[in-house]
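Protein chains: 2
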Amino acid sequence: MSLPEYQKVEVTANIPYPVFLGAQLEALGEYLHSQFQDVEHILIITNPQVAKLYAERLQKGLLVDYRVNFLFVPAGETEKSLERLSQLTTAALRFGADRHTLVIALGGGVIGDLAGFFASVFMRGIRLIQVPTTLLAQVDSSIGGKVAVNHPAGKNILGAFYPPRAVWTDFTTLESLPWEEVENGLAESIKHALIEDSGLFEFFETEEESLKRRDPLIWREMVTRSSTVKVRIVSQDEREQGRRALLNLGHSFGHALETEMNYRGVTHGQGVSIGLVAAAHLANAKGLMTMAEVDRIKRLLNKFGLPTKITEIVETTIKDPQVLLQLMQADKKNQGGRKILILPHGIGRAVISKECTDAEILDAWNQVI
Amino acid sequence: MSLPEYQKVEVTANIPYPVFLGAQLEALGEYLHSQFQDVEHILIITNPQVAKLYAERLQKGLLVDYRVNFLFVPAGETEKSLERLSQLTTAALRFGADRHTLVIALGGGVIGDLAGFFASVFMRGIRLIQVPTTLLAQVDSSIGGKVAVNHPAGKNILGAFYPPRAVWTDFTTLESLPWEEVENGLAESIKHALIEDSGLFEFFETEEESLKRRDPLIWREMVTRSSTVKVRIVSQDEREQGRRALLNLGHSFGHALETEMNYRGVTHGQGVSIGLVAAAHLANAKGLMTMAEVDRIKRLLNKFGLPTKITEIVETTIKDPQVLLQLMQADKKNQGGRKILILPHGIGRAVISKECTDAEILDAWNQVI
Ligand SMILES: NC(=O)c1ccc[n+]([C@@H]2O[C@H](COP(=O)([O-])OP(=O)(O)OC[C@H]3O[C@@H](n4cnc5c(N)ncnc54)[C@H](O)[C@@H]3O)[C@@H](O)[C@H]2O)c1
Ligand SMILES: NC(=O)c1ccc[n+]([C@@H]2O[C@H](COP(=O)([O-])OP(=O)(O)OC[C@H]3O[C@@H](n4cnc5c(N)ncnc54)[C@H](O)[C@@H]3O)[C@@H](O)[C@H]2O)c1
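Residue numbers (the numbering used here), protein chains in the order written: chain A, 57 to 425; chain B, 57 to 425.
Treat each hint with caution, since some may be false.
Straight-line distance between alpha carbons at most 20 Å, and here's what the computed EDC-like set of lysine to aspartate or glutamate pairs gives [what the hints assert, rightly or not]:
#, chain 1, residue 1, chain 2, residue 2
1, B, LYS410, A, GLU133
2, A, LYS410, B, ASP154
3, A, LYS211, B, GLU139
4, A, LYS211, A, GLU96
Interface residues of chain A toward chain B, partial, derived using beta-carbon atoms under 7 Å [stated by the list, open to error]:
#, residue
5, THR145
6, THR146
7, LEU149
To be clear, the hints were calculated from the coordinates, so they are not data collected in a lab. Note that CB positions come from ideal geometry on N, CA and C, so glycine has one too.
Given only the sequences and the hints, what does the whole structure look like? Please build it.
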């Protein structure tokens, strides 16, 4: 069975760029050649695991026309740091990188964020192509131009809005992704469905088995629909001054949980999953969602192995939701003391709310503890 | 004698912003209040020397409406570093900075570049006001949105184009500036005159005495005209894809010299001054400038204590211009091996040239050795 040709979706931001869904790694070179006449030098920033699997396929299309160098970054969230940025800079200069060098970020969200931030600041900004290889990166982090590194004082504290020149998404790279990593992406995809695609939500419900089997055509449809939600939202609001905030659905709760657990024993997907359930309960309390809908969300998450309660993932229960509430206070999306929360409004719609009281938020936490 | 009210010049870049020439430190608070309704918290980034002189005047207008914190950075070029950026981040978060915090860069170009880069990346960008207090910062570095830090491998290697919300220039701060620092700014101002304001060049020639005496009205005119050249050029080409490159007149030579001397024993102004002379000789060789014009440039620089030959500043002569030529190779403005040089075309005009041979460049170096 031959798969259809790739699909091109446009992010219509301040500086527009195309997202190629279902493109092939081997064909990127040809695309670059047709788009950028003045590129001679390419830096591929990636990690050793991803390189082992995909560097050869990507390189194949590049070597004819370009001088190509690899910059390797070990795997792991801790690599998103100023120290690593500094090392990338040293290495890039050693390879003769200049303002006309083009950066390819080949990997998951960590590589995308780090290489993207590097590209945004190196000599005040050089060209960037995102080549996402995790589900999370394909449906979420490669789209929208947010790039960042972490700081001891917080995640993604230093960064920029730096649109790539293109996002080059090859679905076949997902075949090698461990299921735990798949889950991180599924949590975001289900979030996208909740925010504005009830059809996608139903698709998840009916195609459970094929998705778990990683049926290529079903995956293609899911990733395409989920990416498209992200493309649509960031096109409407690149700089997160309005609608883009909806993408934080589940994340204020999730981040608080991840922080409390020091990012150990809970994956990002698990945090988001529990966060989605907490937000759903809060929405129910606010009259935005029926209990039946809350249950439908929980059922779907559970089907894909995602938790709906903290006890499902950790033995030592967090007994006092007060500390989680405190942690939400520190969220960088807050505005002068008021908590800003995203709530689902039925399935397939979400709203920004500044009206939730601390008591209501505590109640929501209690539903997932 | 009362000075005229301030003058407002607009940088008409992608994101336009006003430059207030001759504004008063005390009045900034009122201006911010009229412009930014959602600012509650202000971070003033400055150094202890500048703070001692001007913090009180600036603060006076701010304390009524805002929560104000100071972040102090020791003086010196080495402070433009990723390490300092990281420390500023820690301190800012400790003071409760968030996305709505506004940064004021109070100081010379070092503070402007560092605080500007901090503002450009902190939580993906927060608002920035430049309050330049050196001549160089007033006529040059505060205008145009370039911000950066240095890296062990080179100056200004990591940075961004990040336009401030406004530039607030109080001429009276220049009264306390040591003459050596004045010279750095004069070199850039004379460069501006050479690039596109022959009238300003003549003004320098005729007002030498009043400028040296720092006559307020004459200074006001000089700083205003020189700043306006910069405003005009960056308005035409914010991202340095064309005309803005003209501002590098004298800098390719100057940087090579500064690098060769390890930034010791030569100030930036001296480097630029010698660079301007070298570029003038090269222009003469190319038939773009008469020898009389070259001499006129030299005479003007000398009048203000700026050197026109390397021997004027260092005892150990650099005997082999070849090493300086090599250093120009590394300039980040070069394009794939070809040296791009800015040459004066008469006085009051400049051109971008890719046609200079290494032999011609060596000849130019020999004229200033
Ligand atoms: N910029 C944004 O808008 C945005 C949005 C969401 C998340 N993020 C960021 O994304 C990061 C998380 O990204 P992630 O979930 O992709 O994690 P990740 O980048 O750490 O990748 C997870 C693991 O999968 C491996 N891997 C990658 N591709 C593979 C493949 N095709 N086959 C086998 N293994 C593969 C990697 O080596 C890594 O160990 C976080 O730092 C988060 O802050 C950014
Ligand atoms: N962003 C740009 O477009 C641009 C352009 C040119 C230069 N620069 C950068 O600017 C920097 C140089 O700036 P600079 O020449 O202003 O040097 P600087 O910032 O180091 O200031 C020079 C000294 O003057 C002192 N000072 C500042 N204001 C004073 C005042 N009013 N009275 C008394 N002392 C005062 C400072 O404490 C400092 O010691 C370099 O890092 C250079 O890379 C940037």
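How the hints compare with the structure:
Of the pairs offered as hints, the one joining B/LYS410 and A/GLU133 is violated, with about 44 Å between alpha carbons and a cut-off of 20 Å exceeded. For a cut-off of 20 Å, the pair hint linking A/LYS410 to B/ASP154 stands: about 17 Å separates their Cα positions. Straight-line distance between C-alpha atoms of A/LYS211 and B/GLU139 comes to about 17 Å, which keeps the hinted pair within the 20 Å bound. Annotation: proposed proximity of A/LYS211 to A/GLU96 is violated, straight-line Cα distance about 34 Å (limit 20 Å).
A hinted interface residue such as A/THR145 counts as satisfied when its beta carbon comes closer than 7 Å to some beta carbon of chain B; here the least separation is about 5 Å, so the hint holds. Checking A/THR146 against chain B: minimum C-beta separation of about 6 Å stays under 7 Å; hint holds. Checking A/LEU149 against chain B: minimum C-beta separation of about 5 Å stays under 7 Å; hint holds.
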